[in-house]
Amino acid sequence: MKLVVAVVQDKDSNNLSNALVNANYKATKLASTGGFLKAGNSTFMIGTEDDQVDDVLDIIKANCQSRDQLVAPISPMGGNADSYIPYPVNVKVGGATVFVLPVDQFERF
Amino acid sequence: MKLVVAVVQDKDSNNLSNALVNANYKATKLASTGGFLKAGNSTFMIGTEDDQVDDVLDIIKANCQSRDQLVAPISPMGGNADSYIPYPVNVKVGGATVFVLPVDQFERF
Amino acid sequence: MKLVVAVVQDKDSNNLSNALVNANYKATKLASTGGFLKAGNSTFMIGTEDDQVDDVLDIIKANCQSRDQLVAPISPMGGNADSYIPYPVNVKVGGATVFVLPVDQFERF
Ligand code: NI
Ligand code: NI
Ligand code: NI
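Here the protein sequences come in this chain order: U, C and W. The numbering of the first sequence is this note's numbering, which starts it at 2 and goes up by one. The numbering of the second sequence is this note's numbering, which starts it at 2 and goes up by one. The numbering of the third sequence is this note's numbering, which starts it at 2 and goes up by one.
Rather than coming from a laboratory, the hints here were simulated on the basis of the structure. Predicted, not measured: the structure shown is a model, and the values here were computed from it. Check each hint, because a few of them may be wrong.
You can't tell identical chains apart in this list, so a pair holds if it fits in one copy or across any two.
[What the hints assert, rightly or not] List time: in silico BS3-like cross-link candidates among lysine-lysine, alpha-carbon distance up to 30 angstroms:
| id | residue 1 | residue 2 |
| --- | --- | --- |
| 1 | K93 | K62 |
| 2 | K93 | K12 |
| 3 | K62 | K12 |
| 4 | K27 | K62 |
| 5 | K27 | K12 |
Sequences and hints are given; from them, build the entire structure.
The structure is reproduced here in structure tokens:
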């Protein structure tokens, strides 16, 4: 038994939840902030058999991997036009930090 | 030293807190949602000596074990009387998912 | 790789966050309540190399160690003057409870 602890961005949180449920994994989501990832984030705890860890990691990677996103520029309100970029820009979004912890004992009551 | 991580239903959370305090265990409660248990839940972290793990598990079981609860039917408002069940029904409540994690080092400052 | 889990008082939480960032450690903060420490608290998860654990523990100790704080008495409103203490008193504040957990596998996506 392992406990997979994954910190992911809020924007990927729903997709990851759904993908885990569809693959029949049970996860608990903890409210978390800052740190590993700059944007708002969530921490998932997923209990898995040893031979399912790779599958769980694949699901996290598929739903949360760091990637570029094209963001349309926002027109500056009330001046400061100097900093206005008049074309879409690539921004890094997503990403996951994952710890696989050993479990000495697992119980369900 | 072990770190006991227990996900329990919100409705059992206060009873578990009180029982742990009475038995002189120190616990931290994390806000959590969904996953292991369908209803709203809380995640307890309890640091214990190795020889106290069984006692802590007994306390969690005594306060959170999955059980049937007789729920009185709610009278349907504004029709849909077809789905009305005119007698109390058994509903599963409670339950706990517990991971006992090894601890390499423990410090209090 | 280790996962350092530290429960600290809310009042020390910002200082600890800043000190960890300044030392280039990445931490995630979980909302937590009660238990190990009486006042409101926060739980930090910090992933570190094995040989950085001592440094992280030093940072936690420097920012969160239990200490005395001189608290000015609050003038009683509307009576109960019997319990009024007309001089500053020492109150214990701060403190940290820290678990260093072994990590089987660490991934960033
Ligand atoms: Ni195992
Ligand atoms: Ni031990
Ligand atoms: Ni290691």
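* **Alpha-carbon proximity between K27 and K12, which holds within one copy, between copies, both or neither at 30 angstroms** => both (20 angstroms within a copy, 20 angstroms between copies)
* Intra- versus inter-subunit Cα pairing at 30 angstroms for K27 with K62 -> both (17 angstroms within a copy, 20 angstroms between copies)
* For the identical chains here, do K93 and K62 meet the 30 angstroms Cα criterion within one copy, between copies, both, or neither? -> Within one copy, since 15 angstroms is at most 30 angstroms while 35 angstroms is not.
* Tell me, please, which holds for K93 and K12 at an alpha-carbon limit of 30 angstroms: within, between, both or neither? => within (13 angstroms within a copy, 33 angstroms between copies)
* Since the copies are identical, ignore which copy is meant and state whether K62 and K12 lie within 30 angstroms (CA to CA) inside a copy, between copies, both or neither. => Within one copy, since 14 angstroms is at most 30 angstroms while 34 angstroms is not.
Comparing the model with each earlier hint shows no violations; every hint is respected.
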